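Asks: Those protein sequences? They're chains D and B, same order as listed. According to numbering that gives the first Met the number 0, the first sequence is numbered sequentially starting from 0. According to numbering that gives the first Met the number 0, the second sequence is numbered sequentially starting from 0.
No lab work stands behind these hints, which were simulated from the structure alone. One should not assume that every hint holds.
The list treats identical chains as interchangeable, and a pair is accepted whether it falls inside one copy or across any two copies.
Straight-line distance between alpha carbons at most 35 Å, and here's what the computed DSBU-like set of lysine-lysine pairs gives [claimed, not checked]:
id: 1; residue 1: K300; residue 2: K107
id: 2; residue 1: K50; residue 2: K369
id: 3; residue 1: K93; residue 2: K342
id: 4; residue 1: K50; residue 2: K287
id: 5; residue 1: K250; residue 2: K93
id: 6; residue 1: K245; residue 2: K300
id: 7; residue 1: K369; residue 2: K62
id: 8; residue 1: K99; residue 2: K287
id: 9; residue 1: K287; residue 2: K247
id: 10; residue 1: K93; residue 2: K247
Since the structure is predicted, the reported quantities are computational estimates derived from the model, not experimental observations.
There are 2 protein chains.
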Amino acid sequence: MPVNLRSPDNLLPVEGVALSAVEAGIRYTDRTDLVLMSFTEGTCVSAVFTKNKCCAAPVVIAKEHLLESSYDLDQGVRALLVNSGNANAVTGEKGLANAKRCCEVIAKALSIDAKQVLPFSTGVIGEQLNMTALERAIPAAVENLSQENWLDAAKGIMTTDTLPKGASRIIEINGESVTITGISKGSGMICPNMATMLAYVVTDAEIEQTLLDELLQRGVDESFNRITVDSDTSTNDALVLAATGKSKAGKLCSDSEISSFFDGLRSVLIEIATAVIRDAEGATKFVKVQVRGGRDEECCKTIAYDIAHSPLVKTALFASDPNWGRILMALGKSAVDSLNMDKVDISINNLPLITAGQPATSYTEEAGQKIFNEAEITIDIELHTGAQAWHVWTSDLSHEYVSINADYRS
Amino acid sequence: MPVNLRSPDNLLPVEGVALSAVEAGIRYTDRTDLVLMSFTEGTCVSAVFTKNKCCAAPVVIAKEHLLESSYDLDQGVRALLVNSGNANAVTGEKGLANAKRCCEVIAKALSIDAKQVLPFSTGVIGEQLNMTALERAIPAAVENLSQENWLDAAKGIMTTDTLPKGASRIIEINGESVTITGISKGSGMICPNMATMLAYVVTDAEIEQTLLDELLQRGVDESFNRITVDSDTSTNDALVLAATGKSKAGKLCSDSEISSFFDGLRSVLIEIATAVIRDAEGATKFVKVQVRGGRDEECCKTIAYDIAHSPLVKTALFASDPNWGRILMALGKSAVDSLNMDKVDISINNLPLITAGQPATSYTEEAGQKIFNEAEITIDIELHTGAQAWHVWTSDLSHEYVSINADYRS
């Protein structure tokens with residue numbers, strides 16, 4: 000029951016990128032589970048990966064290949080292969096060999112080098128990939144490559160997602176249009192320490208590697224690094240940003256060009272990151288926790304996460320219960336020295352709830368109930384101790400979350 | 000559905016302490032909700048309180064009174080008043096006045112000073128105490144004071160608890176018996192940063208204030224500071240340790256006397272602390288997360304909590320699903336620099352699961368399933384990076400937890 004989320008019906012093709020999604024039958028049946036993405040020569044690729052120390056075999060290999068291919072522009076990344084249903088994590092030497100093998104078969108089919116291919120996997124941890132099924136599906140994946148297949152690709156990378164996720168923007172630079180299209184997947188094990196699960200964003204803009212890396216990091220800090228479902232960080236998280244350079248706008252150079260492009264990129268990233276929260280496992284609410292007036296950003300972040308991760312706040316949200324005592328409890332347990340409870344103001348969707356640490360005199364249970372019944376809730380906390388701010392997007396904790404995660408492997 | 004927990008039918012009276020539990024009708028009906036505990040003159044009292052910055056009015060007043068009464072041994076703490084159903088938290092000046100008033104009425108009834116009374120409340124946050132109901136019940140509470148009422152008191156302080164919690168030990172010191180009896184309450188909003196919710200432990204041993212404070216802190220560090228249900232710290236947590244000095248064993252002095260006493264105290268504290276986990280909201284499993292071989296205690300603690308707080312580990316435990324990938328995921332996300340996943344061994348109830356970061360060759364899904372079906376589970380993690388260790392007790396995350404906390408106020 001995603002919260003105000005629809006299947007993206009308007010994903011724009013990006014010159015220089017072709018995609019396909021096929022049914023390999025790796026774990027799922029009667030659905031696509033293998034996605035191939037190929038880039039034109041000269042595409043510049045940047046990526047960020049999970050910081051979980053238990054990182055999956057494809058993450059290890061993708062990092063290696065990205066590094067190796069960066070030494071030589073003629074040998075840059077040309078293809079991504081993504082399978083869903085199996086994470087190829089905690090699979091030892093055999094898992095690494097399988098991830099490498101994925102790259103080799105794609106390289107052979109596309110006449111490129113194996114290090115020009117990045118592998119990605121998402122799904123159950125601790126099982127070996129069914130390579131027979133995977134390899135059998137490669138010819139169809141290559142054959143079906145097309146610029147038009149963004150929605151199919153968004154569907155093919157899903158696991159517990161209920162809807163595909165994606166967004167496109169067209170921006171104008173030097174009178175020419177630049178397209179940015181991105182897709183993402185993920186709905187549980189979401190507390191990215193860089194990016195959630197899998198996301199692929201491609202633009203036809205021409206962007207130098209250093210600038211691309213910087214824009215990606217800035218964009219991620221404002222999108223995927225601000226979402227959490229359950230505080231759990233996946234072993235397979237990855238976000239790839241590719242720039243094909245096929246737009247007629249020329250190389251991004253001036254501050255204003257970069258700024259225009261970044262606005263578009265950020266917008267796509269925020270849309271596909273928050274889509275993960277709208278489709279969070281069992282979610283019935285889409286919640287933004289906004290913390291302002293902090294002494295530094297770090298303390299705002301600590302408080303935002305303490306509230307967003309509190310099972311008692313999340314179950315109250317699920318119940319549409321204006322039990323604001325739990326928000327205060329979660330705020331009060333924060334290990335933030337500068338926090339002064341007697342200064343704190345809290346409002347929910349602009350309804351004052353707490354003023355200077357005490358219930359707002361204007362607050363009524365009836366007004367509170369009306370707000371808490373809404374599907375989109377912003378908890379706004381003003382600390383009055385400084386000028387810094389931070390926010391995080393999260394979901395509630397429902398019966399359905401427990402069901403999904405208790406039954407995941409059965 | 001508490002896990003291997005029974006109502007304590009053997010709570011021993013302690014010379015110098017009388018208790019009563021009465022029905023005040025503060026929030027609940029047809030059950031006791033007001034507990035009075037009175038101590039003989041000369042009783043030495045120590046306490047630890049919640050570190051939540053949003054701390055309730057009774058916590059503020061109890062701390063003040065404890066401090067004031069410590070200046071004069073003849074004016075030591077003589078009574079505790081505990082109400083359940085209403086936490087008297089986030090209740091402003093009126094809440095503070097009500098907490099003081101509780102002490103005043105008890106002081107008058109017992110002919111002592113108000114500062115010799117400590118008030119405690121537990122229940123819903125953000126509502127004013129019904130003082131009329133509370134005061135009306137005081138005469139009966141005074142009249143019913145008896146050494147025999149430990150079980151009644153354990154029942155009277157309950158909120159979402161399904162069973163009363165308590166334990167007694169008799170130890171021998173200098174050929175004389177010393178009794179320690181303790182009760183506790185709590186089952187949700189449990190991640191004490193000193194003590195969970197409410198616990199009262201009384202002994203007839205004679206113990207000087209400084210030593211009593213020290214023994215309490217040591218005991219709490221090995222018991223209540225090692226339990227977590229949901230990572231949420233209450234606004235009202237308090238643990239009181241009182242020593243009446245009525246035993247014939249004389250003042251605790253030698254190291255061996257202190258050591259014998261501490262063994263008994265620790266045993267009572269661990270029993271009543273783990274009882275909270277056995278009765279955790281919706282719990283179907285009693286889980287110990289033991290982390291060994293850490294470079295320092297702090298890193299073991301971080302890892303133990305990361306696993307104990309992971310909703311994905313907790314839902315897998317609820318499902319009795321040997322989905323050990325989630326344990327590795329939670330371990331890997333720990334912000335512990337010294338962690339080397341390739342060294343880690345993990346076993347569950349002595350069944351090797353992970354050896355040097357990979358699935359143990361002897362492990363079978365069938366054997367894993369058998370262990371995960373059990374109600375008591377110890378997750379044992381050996382880091383092989385040092386000699387330090389830490390453990391925490393926790394519960395699983397069930398549908399019932401969501402139900403209890405979504406419906407709490409309705």
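Asks: Which of the numbered hints are not met once you compare them with the structure shown?
Replies: 1, 5, 6, 7, 8, 9 and 10
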